[in-house]
Amino acid sequence: MPRLAVITSHPVQYYAPLFRTLAKQIDLMVYYAYEPSATTQGKGFGVTFTWDQDLTTGYPHRFLTNTAPSPGAGGFSSSDTPDIHDRLRADDVDAALVLGWHLKSQLQGIVAAKRLGIPVIVRGDSQAGLQTSRVKNAAKTILYPWLLRRFTAACYVGERNKAYYTQYGYPEQRLYHSPHAVDTSFFTRQADKGKGTQWRRETLTSPQDRVVLFAGKLLPFKRPLDVVEAVAALPSRHGKVHLLVAGSGELETQMSELATARGVSYHPLGFVNQSDMPSVYGAADVLVLPSTGRETWGLVANEALASGTPVILSNACGSAPDLTHHGGGAARSFPLGNIAALTAALEAVLTHPPSEAAIAKVSAAHSLDAAAAGILKAVTATAGSPT
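So the number in our numbering is just where the residue sits in the sequence shown, counting from 1, plus 11.
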């Protein structure tokens with residue numbers, strides 16, 4: 012059985028289930044650059060917190076020695092782990108999987124693996140088509156084809172991520188589909204406990220009331236204010252439509268003030284930890300993700316679908332082509348920033364909700380097993396290959 016090293020930044024709630032799935036099928040070792048504090052974990056949320064799910068059991072892992080002055084504080088140099096070379100050599104790995112190249116520790120891992128003759132696989136989620144400055148575009152056009160040639164294989168999470176690799180000349184025959192995924196069984200199981208139904212019963216004034224959900228950091232690039240405007244614009248025939256918001260961040264006050272000004276029934280929950288999110292999804296009739304292209308995927312959409320809740324997302328979100336192509340109305344998209352189109356999409360979902368089967372179909376296509384299978388195919392194809 013090949014031994015796979017995964018080189019990444021820190022324990023993340025979305026990756027821990029994938030690592031557990033991989034550990035059942037391959038000899039795995041995950042190398043972390045740092046363990047975040049409650050303060051660094053809460054960056055962007057506006058609160059300090061620790062995840063209430065165990066993110067480090069169920070798979071072998073090590074925390075590398077981070078020599079940065081402020082480990083994990085943010086930025087390229089906050090993850091500096093020169094001991095990765097000795098670790099890879101001592102652990103005698105057959106292939107290395109690096110989750111991006113935006114941190115110094117990841118580049119250190121790539122260089123160390125290449126020096127040791129270990130084939131390197133990359134799995135990121137950058138998407139093609141984002142607008143950047145001419146200087147950045149020119150630099151990427153020169154640098155990225157050279158960098159990508161260092162990778163023996165690449166795993167892409169979706170169609171726009173695949174296009175990102177190919178636009179820089181990466182050969183398609185060395186690409187393997189490993190879709191972004193969440194622990195669907197956790198969300199399905201927890202959503203079935205009925206806490207969301209209880210919230211609706213205690214909060215809503217009529218069985219005909221509807222609930223629109225926004226979940227995520229309240230930051231400008233996620234455009235949460237668009238959801239307030241769209242809910243306010245819904246025709247009155249839908250009865251009372253409530254806006255449920257699970258998240259915190261710099262736009263909290265502005266969200267509340269706009270909801271009041273527009274007469275929207277607004278229910279801010281603040282930051283919600285992972286174990287309570289299935290109940291939040293279960294309380295909603297639809298999740299809206301109106302982000303710009305900085306949302307390279309939007310895994311809250313996967314979580315909502317796993318909980319049985321349909322999603323509407325802007326066409327700029329990285330996941331839009333992958334989630335919407337299944338049909339059935341479980342996932343819909345609208346042009347970024349187009350409030351009228353978002354309102355129309357909301358009206359369509361609230362009037363004619365998709366079937367449970369349609370939602371389950373989209374969720375099943377983005378499972379942990381599918382994500383792990385793509386990585387394992389890449390490992391099988393590259394382990395022992397010349398670097």
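Hint data in this document are derived by calculation from the structure and do not stem from the laboratory. On a predicted model such as this, the values are computed, not experimentally measured, just so you know. Don't be surprised by glycine CBs; every beta carbon is placed ideally from N, CA and C. Mixed in with the good hints there might be a few duds.
Derived pair list, reagent style DSS-like, types lysine-lysine, alpha-carbon separation capped at 25 Å [as the list claims (entries may be wrong)]:
{"#": "1", "residue 1": "Lys151", "residue 2": "Lys206"}
{"#": "2", "residue 1": "Lys206", "residue 2": "Lys372"}
{"#": "3", "residue 1": "Lys372", "residue 2": "Lys125"}
Simulated DEER-style distance windows between Cβ atoms [stated by the list, open to error]:
{"#": "4", "residue 1": "Glu183", "residue 2": "Gly250", "range": "27 to 33 Å"}
{"#": "5", "residue 1": "Arg212", "residue 2": "Phe282", "range": "22 to 28 Å"}
{"#": "6", "residue 1": "Glu268", "residue 2": "Asp103", "range": "43 to 49 Å"}
{"#": "7", "residue 1": "Ala355", "residue 2": "Arg212", "range": "26 to 32 Å"}
{"#": "8", "residue 1": "Asn349", "residue 2": "Gln184", "range": "35 to 41 Å"}
{"#": "9", "residue 1": "Asp102", "residue 2": "Lys147", "range": "35 to 41 Å"}
{"#": "10", "residue 1": "Thr199", "residue 2": "Gly128", "range": "41 to 47 Å"}
{"#": "11", "residue 1": "Thr216", "residue 2": "His337", "range": "48 to 54 Å"}
{"#": "12", "residue 1": "Arg126", "residue 2": "Thr199", "range": "20 to 26 Å"}
How the hints compare with the structure:
1. Lys151 x Lys206: Between Lys151 and Lys206 the Cα gap is close to 48 Å, so the pair fails against 25 Å, i.e. violated.
2. Lys206 x Lys372: 24 Å, holds
3. Lys372 x Lys125: Given that 25 Å is the threshold and the Cα spacing comes to 40 Å, the pair is violated.
4. Glu183 x Gly250: 27 to 33 Å: 50 Å, violated
5. Arg212 x Phe282: 22 to 28 Å: Taking Cβ atoms as reference, Arg212 and Phe282 lie about 24 Å apart, which means the hint holds.
6. Glu268 x Asp103: 43 to 49 Å: 59 Å Cβ-Cβ, so the 43 to 49 Å window is violated.
7. Ala355 x Arg212: 26 to 32 Å: Given a distance of about 29 Å, which is inside 26 to 32 Å, the answer is holds.
8. Asn349 x Gln184: 35 to 41 Å: Given about 38 Å between the Cβ atoms, the range holds.
9. Asp102 x Lys147: 35 to 41 Å: 36 Å, holds
10. Thr199 x Gly128: 41 to 47 Å: Distance hint for Thr199, Gly128 holds at roughly 43 Å.
11. Thr216 x His337: 48 to 54 Å: 35 Å, violated
12. Arg126 x Thr199: 20 to 26 Å: 44 Å, violated
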